[in-house]
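> Below, each chain spelled out in residue letters.
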Amino acid sequence: MAVVAMPTGRDSVPAARAAEPILTVDGIVKRFETPDGVLTAVDDVSLSVLPGEFFSVIGPSGCGKSTLFNIIGGLLDGYDGSVRVAGELVHGPHPSIGMIFQEESTFPWRSVIDNIAFPLEIAGLPKTERYDRARHFVALVGLDGFERRFPAELSGGMRQRVSMARTLAAQPKIMLMDEPFAALDEQTRLLLGDKVLQIQQELKQTTLLITHNITEAVQLSDRIMVMTYRPGKVKRIVDIDLPRPRTSEIVSSEAFGRYVAQIWNDLREEATRGMHDDESRKRRGAPS
Amino acid sequence: MAETGRLTAPAAYAPSWMREHPVTALRIAIIITVLTGWELLARSGWLYRDVVPSLLSIGRALYETLSDPTFYLHLTTTFYEIGLAMVIGGLSGLAVGILIGGSKLMQHAYEPFLYYLGPCPKIIFFPVMIMWFGVGPGSKIAMGAISCFFPVALNVAGGMREIDKVLIRVGRSFRANTWQMVTKIYMPAMRHPIINGMRLGLGVCLIGTLLAETKLSNRGIGFLVIQSYTLFNMPQMYSLLIVLFVIAIGANALIGRLGGLDTIRRT
Numbered sequence: 025m026a027v028v029a030m031p032t033g034r035d036s037v038p039a040a041r042a043a044e045p046i047l048t049v050d051g052i053v054k055r056f057e058t059p060d061g062v063l064t065a066v067d068d069v070s071l072s073v074l075p076g077e078f079f080s081v082i083g084p085s086g087c088g089k090s091t092l093f094n095i096i097g098g099l100l101d102g103y104d105g106s107v108r109v110a111g112e113l114v115h116g117p118h119p120s121i122g123m124i125f126q127e128e129s130t131f132p133w134r135s136v137i138d139n140i141a142f143p144l145e146i147a148g149l150p151k152t153e154r155y156d157r158a159r160h161f162v163a164l165v166g167l168d169g170f171e172r173r174f175p176a177e178l179s180g181g182m183r184q185r186v187s188m189a190r191t192l193a194a195q196p197k198i199m200l201m202d203e204p205f206a207a208l209d210e211q212t213r214l215l216l217g218d219k220v221l222q223i224q225q226e227l228k229q230t231t232l233l234i235t236h237n238i239t240e241a242v243q244l245s246d247r248i249m250v251m252t253y254r255p256g257k258v259k260r261i262v263d264i265d266l267p268r269p270r271t272s273e274i275v276s277s278e279a280f281g282r283y284v285a286q287i288w289n290d291l292r293e294e295a296t297r298g299m300h301d302d303e304s305r306k307r308r309g310a311p312s
Numbered sequence: 024m025a026e027t028g029r030l031t032a033p034a035a036y037a038p039s040w041m042r043e044h045p046v047t048a049l050r051i052a053i054i055i056t057v058l059t060g061w062e063l064l065a066r067s068g069w070l071y072r073d074v075v076p077s078l079l080s081i082g083r084a085l086y087e088t089l090s091d092p093t094f095y096l097h098l099t100t101t102f103y104e105i106g107l108a109m110v111i112g113g114l115s116g117l118a119v120g121i122l123i124g125g126s127k128l129m130q131h132a133y134e135p136f137l138y139y140l141g142p143c144p145k146i147i148f149f150p151v152m153i154m155w156f157g158v159g160p161g162s163k164i165a166m167g168a169i170s171c172f173f174p175v176a177l178n179v180a181g182g183m184r185e186i187d188k189v190l191i192r193v194g195r196s197f198r199a200n201t202w203q204m205v206t207k208i209y210m211p212a213m214r215h216p217i218i219n220g221m222r223l224g225l226g227v228c229l230i231g232t233l234l235a236e237t238k239l240s241n242r243g244i245g246f247l248v249i250q251s252y253t254l255f256n257m258p259q260m261y262s263l264l265i266v267l268f269v270i271a272i273g274a275n276a277l278i279g280r281l282g283g284l285d286t287i288r289r290t
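Note that the protein sequences, when read in sequence, are chains A and B. Residue numbering for the first sequence is 25 to 312, as defined by my numbering. Residue numbering for the second sequence is 24 to 290, as defined by my numbering.
The reader is advised that the hints may include incorrect statements.
Stated by the list, open to error - Okay, derived cross-link-like pairs now, DSSO-like style, lysine-lysine, Cα gap no bigger than 27 angstroms in a straight line:
no., chain 1, residue 1, chain 2, residue 2
1, B, K127, B, K207
2, B, K188, B, K238
3, A, K197, A, K151
4, B, K188, A, K197
5, A, K228, A, K197
6, B, K207, A, K151
7, B, K207, B, K238
8, A, K197, A, K219
9, A, K197, B, K127
I should point out that these hints are in silico values taken from the structure, not numbers from a laboratory.
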């Protein structure tokens with residue numbers, strides 16, 4: 025079991041996979057002004073993701089995961105540190121980074137195919153080309169036959185696949201996902217995880233997943249970064265040495281269970297701290 | 024429960040089509056009741072001659088009105104006024120609504136004006152509009168546009184604030200520019216408030232325009248209504264009111280259709 029403890033996460037690329045990282049996040053610090061004073065949401069977080077790698081960030085609620093997601097995606101400004109894609113400094117939304125949001129984010133007034141063609145329309149691709157490409161991604165997420173349907177006619181899992189196909193259609197170098205399955209039930213979540221694994225292996229898609237779900241993180245990832253509760257720091261980076269290609273069947277294996285236990289061990293301490301903090305805040309009557 | 028039972032009991036004796044289409048049957052029933060009551064009142068002679076003209080004379084007047092070529096000149100004038108007023112009032116309301124709904128600062132600064140001026144009866148501006156735009160269609164268009172502006176602006180501003188924030192983040196993450204954000208995200212996301220605003224706007228636009236026509240004008244349906252009133256030609260006046268009903272209903276249906284409320288599915 026290759027468990028590498030990296031307190032800061034810097035230079036955490038194992039020698040066996042020494043390639044140029046495609047995404048480098050260095051020393052990110054983000055503070056928010058709140059009525060109770062300055063809150064440090066993310067404190068000196070650094071990570072690097074290799075081409076084709078599936079990297080997960082896991083942490084309890086309130087560890088600044090979503091803040092980190094928005095910073096890497098370029099939707100949040102005013103932080104210290106740097107985000108680089110293939111060595112190039114990134115400021116604002118970048119074409120190499122595709123984001124998939126936690127919330128329901130399909131456009132209800134667009135059909136499945138028009139939703140997926142959206143980024144291509146924004147980029148100004150000619151009509152035939154964008155529909156050809158969109159159709160390819162419809163098939164990739166397994167929604168053939170639903171092209172003309174509207175989001176309201178689909179299930180939650182199908183809608184999240186539309187969002188995924190829409191982001192993939194822009195052909196980003198890095199797919200950035202913020203708890204994309206949070207609103208789904210456990211079975212759908214596992215099956216969608218399979219879909220993600222399959223797509224990721226097919227496209228060799230570099231992926232950064234933000235999650236609080238340990239099973240999901242272990243099922244999908246090559247490496248998992250565990251974050252601490254407020255301020256969000258890097259607690260540990262864990263290599264997941266499970267065979268690929270994987271499917272959801274892996275959740276019943278013994279090695280899987282060991283990884284889950286190990287990460288829960290790290291996480292429990294943080295989650296407990298988070299819970300106490302939340303409770304004492306509620307006792308004081310302040311909003312969390 | 025017993026009350027409801029007694030009310031619905033006669034349905035058992037009704038013909039089968041009535042039992043299958045109870046809504047249609049009830050609608051037809053109320054129309055027949057009103058028309059019968061009207062006709063009885065007309066024949067009773069209780070009221071002064073022609074205040075409630077018989078259905079037959081209204082029908083005849085309607086036929087005469089519709090076969091008179093000058094009627095169509097007036098109709099065109101009114102259509103033109105309402106159409107232009109809707110375009111001017113609707114577009115300016117849309118622009119102001121987007122501006123106010125899109126920024127907290129603008130909202131705090133200007134929304135109170137909209138709230139207080141909105142319910143204010145616009146007819147008080149009519150003398151001013153006559154001075155600015157003359158007694159012709161210009162002043163009627165201005166009245167219609169002012170009336171239509173407020174409900175559109177208020178609805179759009181409210182709609183702007185209720186846009187799902189994640190959709191805006193999606194647009195930004197795909198690097199949509201401001202124009203693309205407005206045309207591909209804000210506007211379609213606000214289609215229901217926009218259509219609602221246009222509907223309310225259309226109602227008050229018709230009021231504004233026709234009220235202005237009845238006050239001071241020499242053309243338009245409003246002018247014809249007030250003319251037949253002064254000549255005490257009641258059947259003709261009622262026939263014109265029927266025409267106005269049809270116009271209002273038709274315009275409303277058109278706006279609903281244009282907004283695609285029938286085709287675009289809601290979440």
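> Could you run down the list of hints and mark each one as holding or not?
These are the hints, each one checked on the structure:
Distance check on the hinted pair: K127/B and K207/B sit about 22 angstroms apart at the alpha-carbon level, within 27 angstroms; holds. With a C-alpha separation of about 47 angstroms, the suggested pairing of K188/B with K238/B is violated against the 27 angstroms cut-off. For the suggested pair K197/A and K151/A, the alpha carbons sit about 23 angstroms apart, so the restraint of at most 27 angstroms is met. A distance of roughly 25 angstroms separates the Cα atoms of K188/B and K197/A; the hinted pair therefore holds under the 27 angstroms criterion.
With a C-alpha separation of about 10 angstroms, the suggested pair K228/A and K197/A falls inside the 27 angstroms cut-off, and the hint holds. Between K207/B and K151/A the alpha-carbon distance is near 16 angstroms, which keeps this suggested pair within the 27 angstroms criterion. Distance hint between K207/B and K238/B is unfulfilled; the C-alpha atoms sit about 43 angstroms from each other, more than 27 angstroms. Restraint check: the Cα-Cα separation between K197/A and K219/A comes to about 19 angstroms, which is no more than 27 angstroms; the hinted pair holds.
Between K197/A and K127/B, the direct Cα distance comes to roughly 36 angstroms. Violation of the 27 angstroms bound is thereby established for this hinted pair.
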